[in-house]
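Asker: Residue numbers (UniProt numbering), protein chains in the order written: chain A, 1 to 276; chain B, 1 to 276; chain C, 1 to 276; chain D, 1 to 276.
Since the hints were made in silico from the structure, they are not lab data.
Mixed in with the good hints there might be a few duds.
Copies of one chain are not kept apart here, so a pair can be met inside one copy or by any two copies together.
[Claimed, not checked] No farther apart than 35 Å at their CA atoms in a straight line, the calculated lysine-lysine pairs in the DSBU-like style are these:
id	residue 1	residue 2
1	K82	K26
2	K152	K26
3	K177	K54
4	K86	K152
5	K147	K54
6	K86	K12
7	K12	K26
8	K26	K147
9	K83	K177
10	K238	K147
4 protein chains.
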Amino acid sequence: MESSTKHNWRSKLHEIIYEADTHSGKLFDVVLLVAIIASIVLVMLESVEWIDNKYHFFLDTSEWIITILFSLEYIARIISVKKPLKYITSFYGIIDLLSTIPKYLSLLFVGSHSLVAFRALRLLRVFRILKLTRYIGASTNFVRALKTSRAKIAVFLSFVVILCIILGTVMYLVESKESGFTSIPRSVYWAIVTLTTVGYGDIAPITPLGQFIASIIMIMGYGIIAVPTGIVSSEMTKVNKNDVQTNTQSCSNCLASNHRDEAQFCHNCGNSLHEI
Amino acid sequence: MESSTKHNWRSKLHEIIYEADTHSGKLFDVVLLVAIIASIVLVMLESVEWIDNKYHFFLDTSEWIITILFSLEYIARIISVKKPLKYITSFYGIIDLLSTIPKYLSLLFVGSHSLVAFRALRLLRVFRILKLTRYIGASTNFVRALKTSRAKIAVFLSFVVILCIILGTVMYLVESKESGFTSIPRSVYWAIVTLTTVGYGDIAPITPLGQFIASIIMIMGYGIIAVPTGIVSSEMTKVNKNDVQTNTQSCSNCLASNHRDEAQFCHNCGNSLHEI
Amino acid sequence: MESSTKHNWRSKLHEIIYEADTHSGKLFDVVLLVAIIASIVLVMLESVEWIDNKYHFFLDTSEWIITILFSLEYIARIISVKKPLKYITSFYGIIDLLSTIPKYLSLLFVGSHSLVAFRALRLLRVFRILKLTRYIGASTNFVRALKTSRAKIAVFLSFVVILCIILGTVMYLVESKESGFTSIPRSVYWAIVTLTTVGYGDIAPITPLGQFIASIIMIMGYGIIAVPTGIVSSEMTKVNKNDVQTNTQSCSNCLASNHRDEAQFCHNCGNSLHEI
Amino acid sequence: MESSTKHNWRSKLHEIIYEADTHSGKLFDVVLLVAIIASIVLVMLESVEWIDNKYHFFLDTSEWIITILFSLEYIARIISVKKPLKYITSFYGIIDLLSTIPKYLSLLFVGSHSLVAFRALRLLRVFRILKLTRYIGASTNFVRALKTSRAKIAVFLSFVVILCIILGTVMYLVESKESGFTSIPRSVYWAIVTLTTVGYGDIAPITPLGQFIASIIMIMGYGIIAVPTGIVSSEMTKVNKNDVQTNTQSCSNCLASNHRDEAQFCHNCGNSLHEI
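Pulled out of the complex, with its shape left as it was, chain A reads as follows (with noise of 0.2 Å):
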């Protein structure tokens, strides 16, 4: 009986936080979302020095509520699983854990607590309590065409290290050293910064030749940057053709495909399409 009674029990917990279907679900996913955001914020807040000074007190013993809170819902998450260590190992079983545990650690060690910051990573729960890639394509078109690129983009990027520690490289050996071309990985920290045309101006070329090439690289940087959002572009051309605009249907009568969505007979023969 007893049994019973925990069984149900910790079923209705499972329900609870890792459904959204009953009005409790939903509110567990709401207090959840809140509680994140709330712990991010306190971080934030924390970590500015005067603030820290004024209010440590208050972030302090907000920031112990929010650990407690979310050691309960660790802990409920491994009661109500069925493979407790399947959550724990999980990506989301180790977020979940290193945001508790560097505020206990703070007791023991001294500056272990700046590690709670690792909190922020829960934000990526947002993804899932919100359901936002639902919003991003009405199918999974969207993500399709991501995936597709995405070998394509990761051989581009990969092209684009290679690039810069080749000309990274090559400042190093042109740019005199009194300009913040000391050493060549900070060369190709330099070459990173200026293809991608973030341009920090924390080391620039000062030498004629040195400038003359930078000019070279920032203008294949222009012009580079039009081969990931090529691909990108025709990869979800493609699919939105693909799927939007026609479907498999094929008339009975004439066998002729790539039939509108809302085609009801067939564009070349004129036979009802629900024909069988």
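Starting from the structure of chain A, add chains B, C and D where the hints point.
Answerer: Same frame as chain A, now just chains B, C and D:
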């Protein structure tokens, strides 16, 4: 009789102010456009210290003239419109009020004068007056594409914000405080500056590990920018295709339109499209 | 007789200068191209102080030679063309004059010499001489796409300008004057630097609120850049689709259209497309 | 006999070095990849002063080992290939030589050692070894699109360069020398930094007119970047469309392929595509 005259007078005023079909209506629009641009230029010049010192009297007088003209326009708009409250509480109504009040307030409170700068928001009327949106696309396709993309881009930008919060927090833990990463909000600000490829350089990593992470952020930003561009491009191409692939034929039987260019039979009722 | 000779001489000159079909016409173009590039390099070198100090005589002499050559070319162009006034008042005519006059003026007025730099505008002739535009697209599709996009991009850019004026004004009110936001024009300049993701860092917000607004501007800029790209991409894709893939032929038998360029038989009814 | 053995030995070596079908061929590729990356890391670390001071002996020894390995590889490549001269004068041959020689030269000439950095160019072999290009696209469509775009993008970039020369010259005339516009080449360098939205901030306009012109340049750059992106996007979409719109059917009569998806008759001979 008087009431009727007043009515005529009010409807005439409404025509002049809110419409652009009559000669006086067009003249009003042009004068308003010139006055708005003049007022912006005045506010700008006044904010430049040496110009204000030299030409203070001229600028102040001109601004009073513009302010009184804008006040008269504001009163005229209230009088001539049927539902004055609706105008007053509308977006443009509030802007129109905000662009006159600060000047009057400056007589009472020193310093409130600078709020005159809100007048810049009146520039948004330029789009309405010039009907610039008409040039954007022969049809409403362009706007439709942007609207469809808006949700996707909003999700994308919120993803960028969350990414910047996480990356900023990581950099706060990694970088020394000497290089400007003094608090998490500042570090997040830096992450946004970097990922969007703006790159002021007021805060820049100086430790090797910080520069390494910064390099990864920059290369990510270089690849990520392809996503919004891809969304808008494919959305616009899709809209274009809808126009290009369909023709203006209308079925003689059921009046359905938007037929594929190669369609020979109505996709809605199966009637031959070649019949007359 | 003399008149006829003169006529022949003039038409010959016209052929050499304005056309590129004959051997001497091509030679003239090449010599002109070399002279233009040499003149640009000369002006550039002269502007570098230490080079000018060291090689002043050589640079000055070379420049006189180039100037006299350009003057002769200018006179030859006036003589050989049928309507000299039209050439003189044309875009290229004015540039050609502006690139010779400053050198002569430098004999009279000290300092006017630096205006020789207007000569850089002659570089635009490079496009005409090399007929580079020919490489842009086999057809005029590319140019057509740009022209169609131009109006949209102009509206878009004016929207960006108005946005920058409003955002710059807001930042002027928000930011302290110590951080460089000393006047509205400067703040608008900063807003443009930020929204276009250039980000010099000569002016950068230092107050938390200012940095927060700046972050919003940057993320907006990151999203907004997708719009012009989307316009041009979709316009070019549209043009591509219309011309490259299909032709305007219509089957004489079944009236089907949108045939592939290389199609010889109707894809719908199998009738030869060459029959009349 | 000996000659035959030698021949076998050489062809075996060729197989190992130049091909990747055999087990030892693959092993060679992996070892080479690791050696190249190790050599790059070594050169990088050596260029950092404090690391070089601390671990000079270890770094120097490792580099000698790598250099000797690369030398042996270079000799092996020359021996095993049929036309040694062709390899020596090839792009990769020159890079392979350049990445070993500086180390030997450093025994004779002090300072020449830093040229070891040319070794970074060996990274280009990564693409060949990993056959990364294979991942870029299932077909050669991607490369074809880039090749078609290349000419257009080259013209576009040369237009950008000419624009920068003109704009840089204008800024040189407009701006005071205190703000860094000391010569035309420097001003052109600044114009490139600005138009490509890199924006270091090492040179930035300080006069109102200069900032106004800079604003125009930035907004132009923001609009211009749409052009290369549009070119590549439309080119890739075009290539995609060619694939998507056609099917793999082959006419049973004339064997023509690349039929439109909706085609019912061969576009080449008019034979019905449904006949078997």
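Asker: Go through the copies and call it for K26 and K147: within, between, both or neither, with a Cα cutoff of 35 Å.
Answerer: Cα proximity of K26 and K147: in one copy and across copies (31 Å, 29 Å).
Asker: My question is about K83 and K177: at a cut-off of 35 Å on alpha-carbon distance, are they close within one copy, between copies, both, or neither?
Answerer: For K83 and K177, neither the intra-copy (58 Å) nor the inter-copy (43 Å) Cα distance is at most 35 Å.
Asker: Is it within a copy, between copies, both, or neither that the alpha carbon of K82 lies no farther than 35 Å from that of K26?
Answerer: Within one copy, since 21 Å is at most 35 Å while 45 Å is not.
Asker: Can you tell me if K86 and K152 fall within 35 Å by alpha carbon in one copy, between copies, both or neither?
Answerer: Classified as both: same-chain Cα gap 32 Å, cross-chain 33 Å, threshold 35 Å.
Asker: Could you figure out if K177 and K54 sit no more than 35 Å apart (CA to CA) within one copy, between two copies, both or neither?
Answerer: Result: close only across copies, 20 Å inter versus 44 Å intra.
Asker: With identical chains treated as interchangeable, where does the CA-CA distance between K12 and K26 reach 35 Å or less: within a copy, between copies, both, or neither?
Answerer: Only inside one copy: K12 and K26 sit 13 Å apart there, 56 Å across copies, limit 35 Å.
Asker: Between copies, within a copy, both or neither: which fits K147 and K54 at Cα up to 35 Å?
Answerer: neither (48 Å within a copy, 45 Å between copies)
Asker: With 35 Å as the alpha-carbon cut-off, assign the pair K238 and K147 to within, between, both or neither.
Answerer: both (13 Å within a copy, 20 Å between copies)
Asker: From the Cα coordinates, with 35 Å as the cut-off, is the pair K86 and K12 best called within, between, both, or neither?
Answerer: within (20 Å within a copy, 50 Å between copies)
Asker: Up to 35 Å between alpha-carbons, please classify K152 paired with K26: within, between, both or neither.
Answerer: between (39 Å within a copy, 24 Å between copies)
Violated hints, in rising order: 5 and 9; the structure is consistent with all others.
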